[in-house]
Structure formats: C-alpha cells, structure tokens
Amino acid sequence: MSEVLLKAEAVAKHFGGVKALQEVSLTIRRGEIYGLIGPNGAGKTTFFNCMTGLYVPDGGGFVFDGAPLIADAPHQAAERGIARTFQNIRLFGNMTALENVMVGRHVRTKAGVLGAMFQNAATKAEEVAIRQRASDLLHYVRIEERADDLAKNLSYGDQRRLEIARALATEPKLLCLDEPAAGMNATETAELRELIEGIRRDGTTILLIEHDVKLVMGLCDRVAVLDYGALVIEDVPAVVQKDQRVIEAYLGA
Amino acid sequence: MDIFLQQIINGLVQGSIYALVALGYTMVYGIMGLINFAHGEVVMIGTLVTITVAGSLIKAGMPVALAGLAGVSASVLVCMALGWGLERIAYRPLRNAPRLTPLITAIGMSIVLQNLAMMIWGRNYLTFPPLLPKMDFEFAGANFTAIQVIIVLVSAATMGGLLLLVYRTKLGMAMRATAQNPAVASLMGVNINRVIAAAFVIGSALGALAGVMVGGYYEIAHYQMGFMLGLKAFTAAVLGGIGNLGGAMLGGILLGIIEALGAGYIGDLTGGFLGSHYQDIFAFIVLIVVLMFKPSGLFGEKTGDRA
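Protein chains in written order, with the working numbering: chain A, 5 to 257; chain B, 127 to 433.
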C-alpha cells in the first residue's frame with residue numbers, strides 16, 4: 005500500500021475564458037489532514053467538484069488509491085472511497101436524520117432492485133445492518149437524539165454534523181469537508197475540530213477546505229494554497245504561514 | 127339510498143384502477159419532474175398482452191386459472207421491459223434538456239405506442255377472456271361482482287407493497303433521495319440512472335396490473351383505450367398532488383367516486399338532458415377546479431422543493 009492516497013496531476017478547468025484551475029498538482033498522503041485554502045474564488049470548490057466527478061476537468065486528472073479516477077460519474081467516486089460535505093449544506097431535507105445517513109450506506113451494500121421487490125432474507129438482514137450502522141454514525145457525531153427528526157428541522161451545527169455522518173456512511177478513504185466551520189461560533193468550531201481529529205484517528209484521510217485560517221493551521225498536517233486557480237505553495241503550516249506569496253494572496257499585493 | 131351506495135362501490139373499483147395508473151405518473155414525476163404521457167399506452171399494452179397470452183392459452187386447452195396467471199405475468203414482464211426501454215431510449219438522452227423537450231417526446235412516444243399496438247392487434251375491439259367465474263354479491267341493496275372485489279383487494283395490496291418499498295427499503299430510500307437532490311444522491315453513491323430506471327419499471331408493472339383489471343372489468347379492449355385512462359389517472363395524480371404517492375392513491379379513489387356519483391345523478395340533476403355517458407366531464411371539471419384553486423393538489427408540496 006503506497007503512502008500516497010490521492011495525486012492530482014495538472015488538473016485544469018475553464019469556464020468560458022475564466023481559468024478556474026490552472027494545472028494544479030498536489031499529493032495527499034494516507035492518514036493526514038490536508039488543508040486547501042485560498043481567497044474566495046481561488047478554485048477550491050472547483051477542485052473538489054472535479055475530484056468528485058461533478059465537473060469533468062479540461063486537462064490533467066487524478067490518481068486515487070493507486071488507480072486513475074474516472075471523472076464523469078459521481079457515484080463511482082463514492083464507490084472508490086471519496087465522500088464529501090458541502091459548503092452550502094445539501095441534506096435531503098424531507099428525510100429524517102437517520103434516513104439521510106442510510107442513503108450514504110447505499111454504495112457499500114449489495115441488494116438490488118429485485119431484492120427490494122421480493123424482500124428475501126438477505127435483503128432484510130442488510131436493511132437491519134444499514135439501520136444499525138446509520139444510528140452508530142449519528143452517535144459518533146453526537147446527534148443520535150435527533151435521529152427521527154427531519155433533516156431540515158435540525159439546527160445549523162447539527163446539520164453540518166449530519167452531513168459528516170452521511171459522508172462517513174460511505175466508508176470513505178478520503179473525506180472531503182468543504183468549509184465545515186462556515187457560520188459556526190467558537191464553541192461549535194472547537195467541537196468540530198475535535199470531531200475531525202477523531203475521524204482521522206479512526207483511520208480516514210481528510211481533505212479540508214476552509215476559510216478559518218486559524219483552524220486550518222492548527223489542525224492540518226500539510227496545507228496547499230490556491231490563488232486565481234493556481235497552486236501557490238504546498239507545505240507544512242509553519243512554512244505556509246510565513247510564505248510571502250501567501251500573505252500577498254490574502255492581504256492583496 | 128341504494129343508488130348512492132351502488133355508485134360508491136362502483137367508484138371505489140374504478141378509483142382503485144385510476145390510483146394504480148396514477149402511481150406510475152407520480153413516481154416518475156416525483157423523481158425526475160417528467161410527466162410521462164406514454165404511461166396510459168403502457169397500461170393499454172398490458173391489457174392487450176394479457177388478452178393475447180391468456181386467450182391463446184385457453185384456446186390451447188390450458189386451465190383458465192393457469193392461463194390467466196400466465197397472461198398477467200406476461201403482461202407485467204412486457205410492460206416492465208417497455209417502461210425500461212422508454213426511459214433508456216426516449217428520456218435518458220434528454221435528461222439535461224429543457225423540460226418541454228421530454229414532455230413532447232412523451233406525447234410522441236404515446237402516439238408511437240398506439241400505432242404500434244394498432245399494427246399488432248388491429249383496429250377492432252378485442253374481447254377480454256373470462257378469467258374469473260361470474261359471481262354476484264349483494265350488500266345493503268347494492269350489487270357487486272367477484273372481479274370488483276378482486277380489483278379493490280389487489281390494488282390495496284399492491285399499493286401497500288409500494289409504500290413498503292419506498293419507505294422501508296434501500297431502493298426506496300435511494301428513490302426519495304434522488305427525488306430531493308439527484309446530484310447529492312449520486313455523490314453519496316446512489317446510481318441515479320438505475321433509480322430512475324427502477325421508477326419506470328415499477329410504475330409500468332403497476333400499470334400492467336391496472337391494464338389487466340380494466341380488461342377484466344369492462345371485458346373489452348382497444349388500442350386507443352390508454353389515452354382516456356391515462357388522462358383520468360393523470361388528473362387523479364394532480365388531484366392528490368403530483369409527486370406524492372399517498373396523494374395519487376387517494377386522488378385516484380376520490381376521482382373514481384366523484385365520477386361514479388356524477389354519472390349516477392347527472393340525469394336527475396339536469397332533468398334528463400345529460401345521461402350517464404357524460405361521466406367523463408366530471409374528471410376534467412375536477413382537473414380544472416384543482417388547477418384553478420389548489421394547483422399543488424391535496425397533498426402536494428410547494429414547488430421549488432427541488433434544489
């Protein structure tokens with residue numbers, strides 16, 4: 005098993021004349037918390053979307069867990085072991101918290117259409133297992149008491165946790181969090197940080213897009229900085245923090 | 127009084143059939159926002175396949191019950207394949223097209239299927255083979271037959287099964303997730319192509335059952351029978367709130383009862399000017415009233431729910 009989990013090779017994406025990503029290459033190692041930061045519009049979310057198959061890159065590509073990622077089918081990215089949360093929360097609002105997480109189990113279970121229609125023993129056993137695993141995950145992110153509430157009725161912080169639980173349900177090798185701390189107060193951010201560290205301890209590699217520079221610098225093992233769609237630097241936080249180009253990107257030259 | 131009860135029973139039977147067909151419309155609409163106007167034709171083909179298969183098996187000397195079972199199974203299988211094919215060939219290539227395009231394609235598919243059926247089965251009315259013994263029951267002055275009882279029971283069981291499927295199984299969960307947000311569902315590993323295909327296949331299977339019931343109930347069938355049935359079922363789906371399963375069921379039964387009561391009393395109400403063969407107007411009065419005063423239907427959610 006190689007130490008590298010994800011390798012992005014010269015990934016490029018244009019929207020009309022706008023170069024949202026210009027040949028971005030970076031490497032995420034197994035077991036690390038990897039931060040991706042940059043000013044608004046730097047291309048962070050575009051990078052995520054290319055990786056998870058929502059966009060097809062115009063150039064370059066990804067090698068994930070030793071094999072190239074075929075970039076045009078999101079459910080395949082999930083099958084390979086990439087899960088994500090969203091900057092603007094995207095839960096299934098009219099389903100309960102538990103059901104949201106159960107949807108995430110979909111990719112790791114086998115029963116197909118025929119099984120669902122005829123309800124054989126294997127299908128039933130699987131349904132029970134899905135339900136159990138989903139409640140365990142709700143417990144893991146500490147919102148188990150909200151299991152039967154509709155997702156849209158959860159508080160903002162709980163919705164963020166639910167998104168993480170749903171992503172974890174796919175048993176990802178790489179968990180991508182798109183601005184998980186956005187809109188959170190200091191207490192909630194501290195709790196989130198604890199949760200993220202716990203997930204890493206349990207063996208999942210984490211890619212974190214975040215605006216909260218303090219959170220990123222405190223939490224991440226390595227950090228990449230994007231600016232105008234190009235990679236500025238990729239290094240440990242201590243080096244990145246002192247880099248002149250990063251300071252310029254954030255404060256304006 | 128007995129005409130009232132009689133018409134309620136007739137309406138319940140007719141409404142059960144509408145409900146089964148309406149579910150096919152509402153499942154597809156709920157998941158992909160498409161009104162599959164070819165669904166009525168799927169029902170029609172369900173009826174005609176049963177006639178051919180069961181009819182020829184009976185002629186070949188097979189016991190009626192066995193022939194009927196074979197006819198129904200064949201019809202369900204053919205319709206499932208047809209629903210799958212419609213989605214794969216006609217609608218999937220238009221997944222990202224403007225909404226009007228697949229709608230017009232659906233109307234086109236409806237015409238194609240009607241003409242195909244005309245080429246295979248001809249223009250004449252066909253007789254549905256008698257699969258059930260004729261039995262009459264009486265209850266409080268109202269009469270009903272064995273087939274009416276069976277229609278109501280089979281519809282109820284089928285609808286119960288569908289609700290279990292949608293609310294208790296993994297596939298149902300994936301369907302509801304896809305209905306709410308296809309992009310996110312696919313990121314969670316749901317293969318939305320497969321979910322949409324499943325909605326078509328299941329809807330078509332329900333349509334086939336409805337087709338068998340219509341055939342057995344009226345004992346005749348025709349290549350154009352799917353058109354009016356489809357419109358009525360669509361009305362039922364709109365009445366209940368299109369996209370909502372419970373709504374389609376209730377809408378179907380309500381519509382059947384409204385129609386039956388209307389047909390039963392229209393003669394008295396208009397002093398004999400209009401007879402019961404004007405019953406079709408009631409469905410469309412309902413459609414117009416719903417669209418004017420509560421376009422989202424009885425259980426419909428406000429639009430804009432799809433992100």
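Read the hints as simulated data drawn from the structure, not as lab findings.
Because the structure is a prediction, the values reported are computed rather than measured.
The beta carbon of each residue, even a glycine, is placed where N, CA and C say it ideally should be.
Hints are supplied without guarantee of correctness; some may be wrong.
Said to hold, decoys possible - Short, incomplete list of chain A residues facing chain B, as computed with Cβ under 7 Å:
hint	residue
1	G85
2	Q91
3	M99
4	M106
5	V107
6	V111
7	K156
8	N157
9	Y160
10	T174
11	E252
12	A253
What the hints assert, rightly or not - Using 20 Å as the maximum straight-line C-alpha spacing, the simulated SDA-like pairs for lysine to any residue come out as follows:
hint	chain 1	residue 1	chain 2	residue 2
13	A	K128	B	L291
14	A	K177	A	A16
15	A	K156	B	S199
16	B	K260	B	I184
17	A	K177	A	K128
18	A	K218	A	G207
19	A	K128	B	F425
20	A	K156	B	Y293
21	A	K156	B	I184
22	A	K156	B	A309
23	A	K128	B	L290
24	B	K260	B	L357
25	A	K177	A	R226
26	A	K11	A	V67
27	A	K156	B	P308
28	A	K128	B	S182
29	A	K128	B	Y344
30	A	K177	A	A77
31	A	K11	A	N44
32	A	K218	A	A77
33	B	K260	B	R249
34	A	K128	B	P224
35	A	K218	A	Q91
36	A	K156	A	N92
37	A	K156	B	L258
38	A	K218	A	K177
39	A	K156	B	L183
40	A	K128	B	N307
Outcome of the hint check:
1. For the restraint placing G85 (chain A) at the interface with chain B, the shortest Cβ-Cβ distance is roughly 10 Å, beyond the 7 Å limit, so the hint is violated.
2. The beta carbon of Q91 (chain A) comes no nearer than 13 Å to any beta carbon in chain B, farther than 7 Å, and the hint placing it at the interface is violated.
3. For M99 (chain A), the suggested interface contact is upheld, since its CB lies about 6 Å from the closest CB of chain B, less than 7 Å.
4. Checking M106 (chain A) against chain B: minimum C-beta separation of about 6 Å stays under 7 Å; hint holds.
5. The interface hint given for V107 (chain A) is met, as the beta carbon of that residue sits about 4 Å from the closest beta carbon of chain B, less than 7 Å.
6. Against a cut-off of 7 Å between C-beta atoms, the interface hint on V111 (chain A) holds, since the closest Cβ of chain B lies about 3 Å away.
7. Violation of the interface hint for K156 (chain A) is found here, the shortest Cβ-Cβ separation to chain B being roughly 10 Å, above the 7 Å cut-off.
8. Using the Cβ-Cβ criterion of 7 Å, the hint placing N157 (chain A) at the interface with chain B is not satisfied: the shortest such distance is roughly 15 Å.
9. Hint on Y160 (chain A) is violated. Least Cβ distance to chain B is approximately 17 Å, over the 7 Å limit.
10. The restraint placing T174 (chain A) at the interface with chain B holds, with a minimum CB-CB distance near 5 Å, inside the 7 Å limit.
11. Given the 7 Å rule on beta carbons, the hint for E252 (chain A) is violated: about 35 Å separates it from the nearest Cβ of chain B.
12. A hinted interface residue such as A253 (chain A) counts as satisfied when its beta carbon comes closer than 7 Å to some beta carbon of chain B; here the least separation is about 29 Å, so the hint is violated.
13. Pair hint K128 (chain A) plus L291 (chain B) holds up; C-alpha atoms about 12 Å apart against a cutoff of 20 Å.
14. In summary, the hint linking K177 (chain A) to A16 (chain A) is not supported, as the alpha carbons are separated by about 24 Å, beyond the 20 Å threshold.
15. Distance restraint check for K156 (chain A) and S199 (chain B): the Cα-Cα separation of roughly 42 Å exceeds the 20 Å cut-off, and the hinted pair is therefore not satisfied.
16. The hinted pair formed by K260 (chain B) and I184 (chain B) meets the criterion: a straight-line CA distance of about 17 Å does not exceed 20 Å.
17. With a CA separation close to 27 Å, the supplied pair K177 (chain A) and K128 (chain A) exceeds the 20 Å bound.
18. Taking the CA atoms of K218 (chain A) and G207 (chain A), the gap is about 24 Å. The hint is violated against a cut of 20 Å.
19. Restraint check: the Cα-Cα separation between K128 (chain A) and F425 (chain B) comes to about 30 Å, which exceeds 20 Å; the hinted pair is violated.
20. Between K156 (chain A) and Y293 (chain B) the alpha-carbon distance is near 18 Å, which keeps this suggested pair within the 20 Å criterion.
21. For the given pair, K156 (chain A) sits about 56 Å from I184 (chain B) by alpha-carbon distance, which is inconsistent with the 20 Å threshold.
22. A C-alpha spacing of about 18 Å is found between K156 (chain A) and A309 (chain B), which places the hinted pair at or below 20 Å, so the restraint holds.
23. Between the alpha carbons of K128 (chain A) and L290 (chain B) the distance comes to roughly 12 Å, so the proposed pair stays at or under 20 Å and holds.
24. With a CA separation close to 30 Å, the supplied pair K260 (chain B) and L357 (chain B) exceeds the 20 Å bound.
25. About 18 Å separates the Cα atoms of K177 (chain A) and R226 (chain A), which keeps this hinted pair within 20 Å; it holds.
26. Taken as a hint, the K11 (chain A) and V67 (chain A) pair is honoured in the structure, with Cα atoms around 5 Å apart against an allowance of 20 Å.
27. Of the supplied pair hints, the one linking K156 (chain A) and P308 (chain B) holds, its CA atoms being roughly 17 Å apart against a limit of 20 Å.
28. A threshold of 20 Å between alpha carbons decides the hint, and for K128 (chain A) with S182 (chain B) the separation of about 39 Å lies outside it, so the pair is violated.
29. The suggested pairing of K128 (chain A) with Y344 (chain B) is violated, with an alpha-carbon distance near 40 Å, which exceeds 20 Å.
30. Proximity of K177 (chain A) to A77 (chain A) is assessed by CA-CA distance (about 18 Å); at most 20 Å being required, the pair is judged to hold.
31. Distance check on the hinted pair: K11 (chain A) and N44 (chain A) sit about 24 Å apart at the alpha-carbon level, beyond 20 Å; violated.
32. About 35 Å separates the Cα atoms of K218 (chain A) and A77 (chain A), which puts this hinted pair outside 20 Å; it is violated.
33. For the given pair, K260 (chain B) sits about 28 Å from R249 (chain B) by alpha-carbon distance, which is inconsistent with the 20 Å threshold.
34. Pair hint K128 (chain A) plus P224 (chain B) does not hold up; C-alpha atoms about 40 Å apart against a cutoff of 20 Å.
35. For the proposed pair K218 (chain A) and Q91 (chain A), the alpha carbon gap of about 18 Å is at most 20 Å, so the pair holds.
36. This hinted pair checks out: K156 (chain A) and N92 (chain A) have alpha carbons roughly 13 Å apart, not beyond 20 Å.
37. Pair hint K156 (chain A) plus L258 (chain B) does not hold up; C-alpha atoms about 50 Å apart against a cutoff of 20 Å.
38. A C-alpha spacing of about 25 Å is found between K218 (chain A) and K177 (chain A), which places the hinted pair above 20 Å, so the restraint is violated.
39. For the given pair, K156 (chain A) sits about 55 Å from L183 (chain B) by alpha-carbon distance, which is inconsistent with the 20 Å threshold.
40. For the suggested pair K128 (chain A) and N307 (chain B), the alpha carbons sit about 26 Å apart, so the restraint of at most 20 Å is broken.
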